[in-house]
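Trainee: Sequence:
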Amino acid sequence: MLTTNQEKAVVMLFDGRTVKKIAKELKVTERTVYNWKKDPEVISALRKMSNDYLGVEIPKLLKNQMKLATKSKSEIVRFYATKDLLDRADFVPNTEDKGESDAQLASEKYDELIRETAKARLDLQASAGDE
75 MLTTNQEKAV VMLFDGRTVK KIAKELKVTE RTVYNWKKDP EVISALRKMS NDYLGVEIPK
135 LLKNQMKLAT KSKSEIVRFY ATKDLLDRAD FVPNTEDKGE SDAQLASEKY DELIRETAKA
195 RLDLQASAGD E
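Using the numbering used here, the first residue of the sequence shown is number 75, and each one after it goes up by one.
FYI, nobody ran anything at the bench for these hints, they're computed from the structure.
Predicted model, so just to flag it, every value in this text is computed and none were measured.
Some hints could be false.
[As the list claims (entries may be wrong)] Capping the alpha-carbon separation at 27 Å, the derived lysine-lysine pairs in DSS-like fashion look like this:
hint : residue 1 : residue 2
1    : Lys122    : Lys94
2    : Lys157    : Lys183
3    : Lys134    : Lys145
4    : Lys101    : Lys111
5    : Lys94     : Lys112
6    : Lys111    : Lys137
7    : Lys82     : Lys95
8    : Lys95     : Lys122
9    : Lys183    : Lys193
10   : Lys98     : Lys111
11   : Lys101    : Lys134
12   : Lys141    : Lys82
13   : Lys112    : Lys82
14   : Lys122    : Lys111
15   : Lys112    : Lys101
16   : Lys98     : Lys137
17   : Lys122    : Lys137
Put together the whole structure using the sequences plus the hints.
Mentor: Take a look at the structure:
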């Protein structure tokens, strides 16, 4: 259970105040504030406050992230925004798919055409030599 001063310190830490300012305002030593910052209950309270705050903002943040991923003029920004969204969604590419990709199919078709063309040339050369 947090003390009243610890609860106040949590709010001040969340607001970004320095340890020195918190200690002065609560009339405790800086060492005390540093010790509070290591206390699991204080850490938990800070996380809860952060989650509560971000919980309200998450839809707006995700919308902004999606906008960066799709509309940014910078290719690197689009890449990292997309990567971040996929990472946060725990997206794992399907590497077990036995189907062939369009690129693989196109490459195989190209190789097949090259082989057929080479065979046709050899056949033409052979028939020209027979004449």
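Trainee: With reference to the structure, classify each hint as holding or not holding.
Mentor: Hints versus structure:
| no. | hint | in the structure |
| --- | --- | --- |
| 1 | Lys122 to Lys94 | 23 Å, holds |
| 2 | Lys157 to Lys183 | 32 Å, violated |
| 3 | Lys134 to Lys145 | 16 Å, holds |
| 4 | Lys101 to Lys111 | 16 Å, holds |
| 5 | Lys94 to Lys112 | 16 Å, holds |
| 6 | Lys111 to Lys137 | 33 Å, violated |
| 7 | Lys82 to Lys95 | 12 Å, holds |
| 8 | Lys95 to Lys122 | 23 Å, holds |
| 9 | Lys183 to Lys193 | 15 Å, holds |
| 10 | Lys98 to Lys111 | 16 Å, holds |
| 11 | Lys101 to Lys134 | 39 Å, violated |
| 12 | Lys141 to Lys82 | 37 Å, violated |
| 13 | Lys112 to Lys82 | 16 Å, holds |
| 14 | Lys122 to Lys111 | 14 Å, holds |
| 15 | Lys112 to Lys101 | 19 Å, holds |
| 16 | Lys98 to Lys137 | 40 Å, violated |
| 17 | Lys122 to Lys137 | 23 Å, holds |
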